[in-house]
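In the order they appear, the protein sequences are chains A and B.
Residue numbering for the first sequence is 9 to 196, as defined by my numbering.
Residue numbering for the second sequence is 110 to 335, as defined by my numbering.
These aren't lab readings, by the way, just hints derived from the structure by calculation.
The structure presented is a predicted model; accordingly, all values stated were derived computationally and were not measured.
Where a beta carbon is used, it is the ideal one built from N, C-alpha and C, also for glycine.
Fair warning: there could be bad hints in the mix.
Which residues of chain A face chain B? A partial, calculated answer using Cβ under 7 Å [as the list claims (entries may be wrong)]: (1) 45; (2) 145; (3) 148; (4) 165; (5) 174.
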Amino acid sequence: MYTFGVYAMCIVPGMSIGQTFLGLLEATPRHGYDIKRLYDERFGHARPLAYGQVYATLSRLLRSGLVEVEAVEPGEGPERKRYAITEAGVTDVAGWLARAEKPEPYLQSTLYTKVVLALLTGRSAADLLDVQRAEHLRMMRELTRRKRDGDLAEQLICDHALFHLEADLRWLELTAARLDELAKTVLP
Amino acid sequence: MTGPLLVAEDLHRSFGPTRALAGASLRVDRGEVVAVMGSSGSGKSTLLHCLAGIVRPDSGRVRFAGRDLGALTDSERSALRRAAFGFVFQFGQLVPELTCLENVALPLRLDRLGRREAERRAAEWLDRLEVAEVAGKRPGEVSGGQGQRVAVARALVTRPQVVFADEPTGALDSLNGERVMRLLTGAARETGAAVVLVTHEARVAAYSDREVVVRDGRTRDLEPAA
Ligand SMILES: Nc1ncnc2c1ncn2[C@@H]1O[C@H](COP(=O)(O)OP(=O)(O)OP(=O)(O)O)[C@@H](O)[C@H]1O
Ligand SMILES: [Mg+2]
């Protein structure tokens, strides 16, 4: 539930690094360092991934059968491996992209990642934004009902959440209106 | 009666070279509040006007309670509008020469209800919309929020089956906008009226049961999976 309590805690979202990797691997197999470089370039902003995190994520994906090692080049260390996405991996990333995120604070980095990956993998970014928008509005309707039936304290708490959801929705709309522009900067 | 109250199927409508609607469909059940959203120029008002029988679509069909609006004569259509529809617009809908009470009583007077009874009911509705105090004032003498609540009272006084509201809060600040929405949807729910609400504000749309998005004259029904 998107409430004042949750908002006040300012939870930093668990950005889904695994699924982002899968999205990056969908177009073509890549080495670990290549995945890291692409990730940092597109999604890392001020916080590049640590190598440990990259290889931990890749071995988790390997264990779950979502990626496989396509080739190992001679030499030492994990950076010699080239990873490829599996069928199960494609299903996993497709499911993640199609699913609305639970509306909560600081979603934009996850949503931005999803939009860029949809563009990169030839999926509909507009549909993804629409699904998310519907989910946000569903939450806003629920809060509006609570506000209607609640006392003043409840109303103020719901309003706080509503204003934030509204801001997110505006971002979704603005992004939807600028998808063509974004596609130009994202696609090779 | 069962079945949807209002159904629009594949509406197309152009104004000269401008395609305002290019395949819009919508269904509204009895007592349901449906928000119509979309950016400026996407065709929301045109869709609302087609649904209300004010604008005739070039193709496609609108049925109200099973009756095809396109098959009615002009006078049948305006009789239906008076009996079954209520309207709230962004502004400019109240008659400036009449008091607020007389404005609300007007639709009843047009239906030939006696003055006394019409004004009694009108006063009840003003009270319900929390604007009893402006009864004797003219529209030019009341605030925007009060004026909109008077307009809602006027739309509901005939107990319509559908209220068409086009940006009813568009000219109000958020506190007054929300008050209008709370009173409009509350009164509609109590009387069983459906509401078709055109808005581009999410916080206003959140008073609805469901939203439909219009983009380039086409509708997209966005019921999220429960
Ligand atoms: N009577 C008319 N004559 C000519 N063009 C019209 C007429 N009514 C609408 N249009 C055009 O049709 C398109 C859709 O207009 P419409 O008023 O339905 O949009 P809207 O979604 O209600 O926009 P807004 O949010 O700005 O009110 C616009 O390009 C508009 O200019
Ligand atoms: Mg309009």
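Status of the hints after comparison with the structure:
1. A cut of 7 Å between beta carbons decides the hint on residue 45 of chain A: the least distance to chain B is about 37 Å, and the hint is violated.
2. Given hint, residue 145 of chain A at the interface with chain B, holds; its Cβ is 6 Å from that chain's nearest Cβ, closer than 7 Å.
3. Interface restraint check: residue 148 of chain A against chain B, minimum CB-CB distance 4 Å, threshold 7 Å, status holds.
4. Taken as an interface hint, residue 165 of chain A does not check out: its beta carbon lies about 15 Å from the nearest beta carbon of chain B, beyond 7 Å.
5. Hint status for residue 174 of chain A: holds, given a least beta-carbon distance of 5 Å to chain B, under 7 Å.
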